[in-house]
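Enquirer: Take the two lone chains, each set in its own frame, and fit them into one complex as the hints suggest.
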Amino acid sequence: MRANLLQLVRYSIVKAIMLGIALVIALYLTILIVNMGGRLDEVRKAEISFAVSQAVLADPGNAGVPPSELKKQIDARTEIEFRRLGLDKPFLIRSFNYLTTAMSLSLGRAEQLVSDSGSRLVRLIILERLPATLVLFGTANLLIFFTTLWAGLALSRHYGSWVDRLVVTLAPTSAAPGWFYGIFLILIFAAALGVLPWGGMVDAPPPTTTLGYAASVLRHMILPTLAMFLSAFFSSVYARRTFFLIYASEDYVDLAKAKGLPSRTIQNRYILRPTLPTIITSFLLMIIAMWMGAIILETVFNWPGLGRLYMQAVNINDTPTIVGVMVIYGYLLAISVFLLEFIYAIVDPRVRIGAGAKKGV
Amino acid sequence: MNQIRATDQINTSSSRQGSPDQGSDTLLDVRNLCLHFRTSRGVLQAVDDVSFSMQRRRSIAIIGESGCGKTSLARAILRLLPRNVHTYKGEVYLDGTDVMTLSDEWFRQKVRWTKVSMVSQAAMNALNPVLKVGTQVAEPLIVHERMTKRDALARAREVFRIVGVPEDFLHRYAFELSGGMRQRAILAMALVTNPALVILDEPTSALDMLTQANIFNALKDIKNQLEVGFILITHDISTSSDLADEVIVMYAGQLVEHSLSTTAYRAPLHPYARGLMSSVPTLREDKKLEFIPGQPPSLINPPSGCRFAVRCSRRFERCDQEPPTFTVGEHGELVKCWLHAKE
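As you go down the protein sequences, you meet chains A and B in turn.
Using the numbering used here, the first residue of the first sequence is number 1, and each one after it goes up by one.
Using the numbering used here, the first residue of the second sequence is number 1001, and each one after it goes up by one.
Isolated chain B (complex conformation) (with noise of 0.2 Å):
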């Protein structure tokens, strides 16, 4: 999976300017996406300035600290936001649409699970419980396909089959479900539809290693089956390298590093992405694993620069200045470090 076909390439056909070509194969545009919360200590920039597209079937691992703003990005998205919402604004291009001009009621019925699904986060509670199974995933349909429920329930019997979960799943209850099964249950609930993109924001964290390889081994067969997109927000980077073909890396509220899984994994160009790489465990190699001293910076007030600036072992005069982002390298990786500056 990790050959680099001829076509790999980091989308950046859009050029940060002007509007995406329609029909090209761009599925996902996201362009200067601010997520700001009110706290009673000041403004929390947990989304900030993040541009970054994506190709139609490709996967993109989000990866970076708890607290990065992974989620916040994600649910930005999905326009799913909390209640002390301070600035929401950008663009969000879906298929050439920008999503972020509808209304609410027209994103609840043109994207919300028709273009665009998710998987949660502590999917242990994700089920209502007292619903059947099978109503839940059946529902969107109904909803929005206006199917009937004998049909809408003969579809999600055809998507249970392809997560692997028993077709007599569907006339039960959450709770009697393993921990497994359930969020394979919430896999097919957001497969039901079709959509484009599916966003899976930590799907394995509350599982144990061998269900994790499970419902990832799923997703990969999944990815190979059907017309669609992935963004995996994760913090287990090495479940992640298995399913994604490209990377982002965020750290304190911005996109610090968007490449091909090869690089990310492989060379990262951020010095925070190397650092992050080098915490993780390898089966066979013998490495020494490192960690990045000091805390992410606060996410209210951060500061000016380079954000990563006080924990970088590399950083120099200009780290005081904040960054652009850099394309650099043969297949247009993105990074957002000084270190990378043409001269």
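Next up, chain A with everything else stripped away, as it sits in the complex (with noise of 0.2 Å):
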């Protein structure tokens, strides 16, 4: 018992330092990207020296100063906010700074992005998009998770119904993207039938008491949790279905129809049971993806979220606000894929036993 604790210790040591390994290689990398291997650098000196040339120049005080002297106190002062930005040193020496900083999770200033509370600290303007991404797309995923995966098992039964051939014939709907079927949502609820909001996470003024404000919240998420329920309910319920199909042929669902079993234990322990970690996996892949929120569906609906952050943040080449989705995300990832690991172990014999100990069986 102990014996195996101690393997299950050094077991997880291993694995997180593994996974902090690949996390250092991948923001490294996005650094490294982001910044065009150091080329942005160049394009924001030139746009620091041409701010200040323009400042100096247009200062009143320096009527009738001499363009040497001018041209002094320019080189001068873009000298100083070169250091200021720490341009002066080497790209390769500030890539690693930015690697600290990233890894450490302070995240840095943002260049231009502000919160709306007015803060330039770029984890207080992730902070500040997380919860609209949250609340949107943790809805939206867990609600179409469930049902499909509930939907794939009922008709997986039943095999060959008319439920059964319409669901497959619809599969192909699930090609449109979710903002796809949002821009028709919004010309039949708000445009035309004007019962539901066009876009944005709450009305205008927003309503004072809390539950007002929820109901509003509530209301401004139907459109986009249908929209992203339409396009992936069909094909998720046609690959569940197909899923479940293929393990309800298993050798031992067949056994254990013949001992008699009620087919609600044959459902839940010998068709669940064995498939948890393949489910498990894609919950979890659900909630890697749902961390991100999704750029272009956030834009159609103006959902304040990260997804439309990231993409303002790209515009302007914003490179620590970019960097800083980056390593939330990365972060996550990580913790996800360490957490499945335990859950596996936990749901799959073949796993726990097979990692735990390597005894000559």
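Worth double-checking, as some hints may not be accurate.
[What the hints assert, rightly or not] Using 25 Å as the maximum straight-line C-alpha spacing, the simulated DSS-like pairs for lysine-lysine come out as follows: (1) 1115(B) - 1220(B); (2) 1089(B) - 1115(B); (3) 257(A) - 1110(B); (4) 1115(B) - 1287(B); (5) 1110(B) - 1223(B); (6) 1149(B) - 1132(B); (7) 1149(B) - 1089(B); (8) 45(A) - 89(A); (9) 45(A) - 71(A); (10) 89(A) - 71(A); (11) 257(A) - 1149(B); (12) 257(A) - 1132(B); (13) 72(A) - 45(A); (14) 257(A) - 1089(B); (15) 257(A) - 1115(B).
[Claimed, not checked] These stretches of chain B come out as covered by chain A in the derived footprint (C-beta under 8 Å, 3 or more residues): (16) 1077 to 1083; (17) 1140 to 1152; (18) 1225 to 1237.
[What the hints assert, rightly or not] Which residues of chain A face chain B? A partial, calculated answer using Cβ under 8 Å: (19) 157; (20) 160; (21) 163; (22) 247; (23) 248; (24) 250; (25) 254; (26) 257; (27) 260; (28) 266; (29) 270; (30) 273; (31) 345; (32) 349.
Quick caveat, the hints were computed from the structure, so don't treat them as lab data.
The beta-carbon is built from N, C-alpha and C at its ideal position, and this holds for glycine as well.
Expert: Quick look at the structure:
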């Protein structure tokens, strides 16, 4: 027992180190790419010297100062500005500075973006957007995940029925992304019928009571949720149903039936239990996807989430913000994978015993 | 074992009409059982009008080539049907009750594993990978006999001893067991509720020769110890001869011969059975192995008349008509061949 625990601790430490290394490499690559391998520095340097010279030239106190003097002044101020932003050091060193701030989650300050509360701290900007993304994508994804799981299981038991054939026929409708359905939903429910809001997260001005605020958010969530649901539902049900059909034809399911077990027991113990690792994997992948939101869907519905923040940051080359979003995502991904290893071991004895002890069986 | 006892007789008491007498020694009486499947090319007659009966504690081997309907016959008796069933009819009297008339729920409660259990083909995959072996073996007791988990596991332990599985394997998972041990665990599962009939569908086909012999020895011991009848479905004729009291030979979905194993293995009656037996190598005799030319007919629109006629070296004019089943010999052997017609 004690030896097993020791082994488990060693196993998890090794796992954590491996994930940490992967995370560092991924983040460093992200930093390199976002900075265009240092090329972005030239752009920013040019921007800064342009802005400084404009400011110096436009300064009324500098009227009558000879151009050579002005040039000296511009150079000095540019130099100060470079040093303030750390641009005087070579990119290689700065890239590691980026990496340490990223890994330590301090995330630094945004260059141009500002949070709604007026802060330049990337952490605050992200934290401000994260709840909006989570409430929308969490609701939609959980809804999609559990309804498709249930529907797939039910359909696998009614293989060949008309509902089954209908779902198979409708599966290609998921080829269109959520925002595509979103546009039509807005046209129907906001433009034509006028019963639901066009977009945004809450009425303007926001309701003052908590309950009213929640109700308003809920009303704004209906269309984007429905759009995501429509684009995912049929193909997910189709995939789940096929998945369960394959597992329902295993020999042990057949034998369980011959044993005269009630169909509920067969479903829970002989179909769901053995497939749990796969189901949990897809659940975690869904959670990971949820952290990022969706760029176009949030834009179509004017939803103040992480996806739109990311888009804004990319448009204005706000490197710290882009890196910050990626760092958060990378950490969440690594933690999810780490958790997954343990959940696997709990639900699947093949993993648990295989990894735990290497006895000569 | 192959000594003929005075009571050795093919069980034809029911004489194929009327209901079998209650309380007789007849365990299973199958009459005109048909199982046809829908396929894209037409209706496939996997089991076509099969009738046979067996007594308690007997073991019957069902032999025949691949695709002759052996497994389908077993599945028809167990009501384990695939989705594409076209016709499923006939009578299956088990202990005097026609189980074909029971609803699915009654069949589950009153027949499955309480009266008939099975050891399935390809047993490597027949155990749930994420449940402990003991749980799976004890499960039918908890479901059917409302035992507590503790009592059920105690009983499972007992059966493990009978089939020769170490008791601590109760707490292991299927992947920790060798193929032979898994097969024994499944055998234990089949015996745990004391069913009157166990259907073994190719129980050893995926195992090596030594393990096969081990399993068959275990089966023989069980047969001597317990009140259980076996239906052994196999294409391994030589090993089945060790266990079987009677032999049923199937060809193209039909029963062509049902005789005592002494007859079937030494002097089979049906020309097909004869061909089958002479294709089996034996260790000591210097025998020229024979084979049957041609292929079995398709079970979709099979030929009228005797289905074996095209491959049969002894066919004559009457073989154009389908032969009835004749009762011949001192033990009441059944054979579906015109050669045995009583003139």
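Enquirer: Which numbered hints does this structure break?
Expert: 4, 7, 18, 19, 21, 22, 23, 28, 31
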